[in-house]
Structure formats: structure tokens, C-alpha cells
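Asker: Protein chains in written order, with this note's numbering: chain B, 1 to 113; chain S, 1 to 115.
Check before you lean on any hint, since a few could be wrong.
[As the list claims (entries may be wrong)] Here are the computed lysine-lysine pairs in the BS3-like style, where the Cα-Cα straight-line distance is at most 27 Å:
no., chain 1, residue 1, chain 2, residue 2
1, B, 105, S, 41
2, S, 41, B, 69
3, B, 69, B, 3
Keep in mind the hints are simulated off the structure, nothing from the lab.
Since we're looking at a predicted model, the values are computed, not measured.
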Amino acid sequence: LAKTTQPISMDSYEGQEVNITCSHNNIATNDYITWYQQFPSQGPRFIIQGYKTKVTNEVASLFIPADRKSSTLSLPRVSLSDTAVYYCLVGDIMNSGYSTLTFGKGTMLLVSP
Amino acid sequence: ETGVTQTPRHLVMGMTNKKSLKCEQHLGHNAMYWYKQSAKKPLELMFVYSLEERVENNSVPSRFSPECPNSSHLFLHLHTLQPEDSALYLCASSHAGGPGTDTQYFGPGTRLTVL
Numbered sequence: 001l002a003k004t005t006q007p008i009s010m011d012s013y014e015g016q017e018v019n020i021t022c023s024h025n026n027i028a029t030n031d032y033i034t035w036y037q038q039f040p041s042q043g044p045r046f047i048i049q050g051y052k053t054k055v056t057n058e059v060a061s062l063f064i065p066a067d068r069k070s071s072t073l074s075l076p077r078v079s080l081s082d083t084a085v086y087y088c089l090v091g092d093i094m095n096s097g098y099s100t101l102t103f104g105k106g107t108m109l110l111v112s113p
Numbered sequence: 001e002t003g004v005t006q007t008p009r010h011l012v013m014g015m016t017n018k019k020s021l022k023c024e025q026h027l028g029h030n031a032m033y034w035y036k037q038s039a040k041k042p043l044e045l046m047f048v049y050s051l052e053e054r055v056e057n058n059s060v061p062s063r064f065s066p067e068c069p070n071s072s073h074l075f076l077h078l079h080t081l082q083p084e085d086s087a088l089y090l091c092a093s094s095h096a097g098g099p100g101t102d103t104q105y106f107g108p109g110t111r112l113t114v115l
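If we strip away everything but chain S, and leave its shape as in the complex, we get:
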């Protein structure tokens, strides 16, 4: 599926590095999400953008900084991460305003390893 793409698919970084994760959706949606999935843990919602405005920030440490320049692109800027931040980072998009929890379309994820 090419509806939601994420790059890179794998990333290894040191604790002092700065890197960015990129997400792009080709579905014409107006909401985008970042989730974190650690080993053997449920998905954790990190950030939500609706109509390019941040509408949810679930007490995420400031070393994670999201950016949504337009409705099709979402970035997650990373700096001075900790080893416990190693996880699968998933991007999703949806058409906001639907019933229930909005049907979300997920990307393949970026597997992040912090050394």
C-alpha cells in the first residue's frame, strides 16, 4: 500500500544525534498522527494534527518535536534521545470528523534504535 509512506524505515542514532522522521499521506486526509510502539507494549498516541494544527500532545518529552507543514506531510524531529526511546514509530492519517475514532490509515513505521 502506498497511501501513507514513512522514511526512513530503519534508523540507528546516538544519543547526541539529531534526526527527523518523515511521513507523507496521499489519501487527501486532513488529520495526521504520530504513535510510538515499544516492544510488547500497546500503541501510544504522541501527537495529532488536524487541519495542520496540533490538537493533541500526550505529555511527550520535548526531545520529540513534531512539525506539520501541510496536510500531506508530517515530521517528527528527534534530538538527544535516550535508549528507552527505541521503538517503532508509526504515522497515521484520517479524514477528521467521521464517526467514532475516525478510520486511520497507518504507514509501515520507522524502526528506531538509540544507542
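Chain B extracted, bound-state conformation:
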């Protein structure tokens, strides 16, 4: 099982770009990398998923280097409403089963005016 390591917290200001890095040194060949966002007392919300190189959607970008031992979630021009906990999830259900659904402690992002 790939374990993940993220910074416990990060601070930013409105309008800045925020990059949150997740380390997953033991990532397996079939594992994908998925990021979720969670606001207090709400369920997590899917942000983005990738396998290698770069993935971009309307919300964020995900950068994955060639060795795939880390990944970086990039949030462009954050606003106050981006204050939340961000989770990096690494795994593959088809090959590793549902025990691969291991959420870590996440990164608490605080965006200030």
C-alpha cells in the first residue's frame, strides 16, 4: 500500500497560487493519485485525479514527475472559499482492493485576505 505524506498546514493570501505536495515513495505501478477537498462538517469533494505527467481541469492542476514518487496539486489564484483540508489519496481498487482507500490527515490550507 502506498502511504502518503503531506504538510499538515499551509497559509496563503487571496489571489496567490498555492502548491500542495504529496509524497508517496511506495506508489505501485497501477496506483492513481487523487485529490479531495473537505470543508468543515461536510463530505470530501473530488478535485482531480491523475496517473502521470500533468492533468488540468477547471479547478486545479496536478503535476506528477516521471518517477511518480510525489505529486503537486496546484490551485491558481486562491480565494477565501478555498480554505479547506486537502487530501491526497493514492491507490488502485482493482489491484489492491478497497483497503487502498486510505485518507491521511490532509493539508489544512488557510487563505487570508
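Based on these hints, arrange chain S on the given structure of chain B.
Answerer: Just chain S, lined up with the frame of chain B:
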């Protein structure tokens, strides 16, 4: 969002009570999940149902009993709980068989307090 709904949103119960949490998904998914999130702890996967069959049970105490009558509904039956079971209980659904960890859609959760 109304894709995954959970009721009740808040529940206070005594240790001798029996109650049930309900989850309903309107996304046409074929997998449903129960998670527990205690204060300042990571989400813990409790149960998984895929195609209405239980496929994962992460050593959850028997005082928690899941039920999945069809692909759209999931219940968590609670009895003789302990105060340490107080937590946010989250339901999620996904289309099983996708790459990676399947994109999960979470409900708003039920905040459970056991007195």
C-alpha cells in the same frame, strides 16, 4: 449538491438506543461506502458495497450494522453505541471499476453524538 443525501444530518442518542442512518444516491452508481470521521482524525473506511454485496468490512464493531437493499440506498444501523462512537458519519458512492480509487461522491454526513 443533491447527488448523495444523508438523513438525519444530526443525531443524539443514548447508549441503549437503536437508530439508523440513511444514505441515498441519485447518480446511478453501483458502489456505496460508509466512512467514520472522528475529531482531528483521518477518515476511516467502515463498509463498502459493490453491486449490493458487501465487499469490505474494516474490522468494525458489530454494534454497527450496514444494509444495502438496492444500489441507491444504504443504511447504517446503530445499537448500544459508546461515547467514543460520536463522529461524523459519511456516505459516498462511486461507479465501481474505474481507474485508481474510483471517483467518490460524498454526502453531507450525519453528525452523531452518543451520550
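Asker: Below or equal to 27 Å on CA atoms is what counts here, so check residue 105 (chain B) against residue 41 (chain S).
Answerer: Holds: residue 105 (chain B) and residue 41 (chain S) sit about 7 Å apart, inside 27 Å.
Asker: Between residue 69 (chain B) and residue 3 (chain B), is the straight-line Cα distance small enough, at 27 Å or below?
Answerer: With a Cα-Cα distance of about 10 Å, the restraint between residue 69 (chain B) and residue 3 (chain B) holds, given a limit of 27 Å.
Asker: Take the C-alpha atoms of residue 41 (chain S) and residue 69 (chain B), compute the straight-line distance between them, and say whether it is at most 27 Å.
Answerer: Holds, at about 25 Å.
Going through the hint list in order, the structure satisfies each hint without exception.
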